[in-house]
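Its first residue numbered 1, the sequence shown is counted upward by one per residue in the UniProt record's numbering.
Treat the hints as calculated values from the structure; they're not laboratory data.
Computed from a predicted model, the values in this text were never measured in an experiment.
There could be a bad hint or two in this list.
Said to hold, decoys possible - DSS-like cross-link-like pairs, simulated, lysine-lysine; straight-line CA separation at most 25 Å:
#1 K168 - K149
#2 K149 - K304
#3 K172 - K272
#4 K219 - K243
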Amino acid sequence: MINVHRTLSRCIGRSLGPKFLSVNKYPLKISQNLYFSKTNVPKQQETEPTNETKKETKTESVIADLIPEDPSSERIIDAPIKGSSFYNNLPYYVLYTVVIAGVVYLVVEDYRQNGNPITRSHKNFLEWLDELKNPVSGKQILPEQIEKKPTLVVAVEDFLVHSSFDPKAGWKTQKRPFADIFVHRLSQYYEVVLFSDNYLGQSVAQITEQLDPQGLTTKLFRDSTQYSFQNGVRGHMIKDLSKLGRSMEQVVMLEWFSDYYQGQEENTIVCKPWRGDVSDQYLLHLTYLFERVSTNKDLRSSVKALRELEGETAEEKVKSWYEHAILRKKK
């Protein structure tokens, strides 16, 4: 009988292959109660194995491993017994009580350390609302200074550069005469801040890069401005110098657009917008002026003195001061 099993195993293994025999869904039956498995193979009498017997035993072992075992064979499966865990034996109300007690403890501990959660939530909501109204409210826009210097805030559009549209060439940006000298020389005495009216983009980044290729200045953009409020009504955007994180005695702004310096006149030299005049020398005059007043403890006094000079505009006054300074120097 054993020889019959072996012969059938060889034939089936060679014809169907191990892939078919490994499918558990269709176990290979020989008879109603006969399966090819290790459990159903009768034990042989213990004799000395020959070479032929070893080969046959090896083939039998391979076939037996590929064919699923008899479901009816006795086999002990180690599986966890339900209900053996300590927590599974506990009543549900005990578990619920423990969870609720833990939540209550966390709430009480949070109240003890951080105060009333309702008041705290209301405060956070007001801060969030203020953040929507003023994106930079309560924040210091500029980083801390490494070297203590006065701060000079300079407008970019229509002051240092002017952009115009040409139907043939498209948009063209022109740099104001002496802009390079103005930025390079005054950055030795001041913390020069280039404050653009536009949001940071590729074109604005290229403009500021051309004005300051050496990275001597700090750049601010429209997202650093904030709304003005009068009687709770939101107004226009302003360049709030108080948000720079600098002493107002050591801050001066060069600006031509009145909305941006509203309420900060004592720190602002109001200029005329530059529209592309290539013969303009205003930046050269300003460079000479700011080099002379950089050591003043309160730059607002210099701004006030400039207003009292003869002339209708700041350009005329600065030019008048420049000419008098040059004459005194020659004498």
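For each hint, the structure was consulted:
1. K168 - K149: violated (45 Å)
2. K149 - K304: holds (20 Å)
3. K172 - K272: It holds: about 21 Å lies between the C-alpha atoms, which stays within 25 Å.
4. K219 - K243: holds (15 Å)
When each numbered hint is compared with the structure, a violation occurs for hint 1 only.
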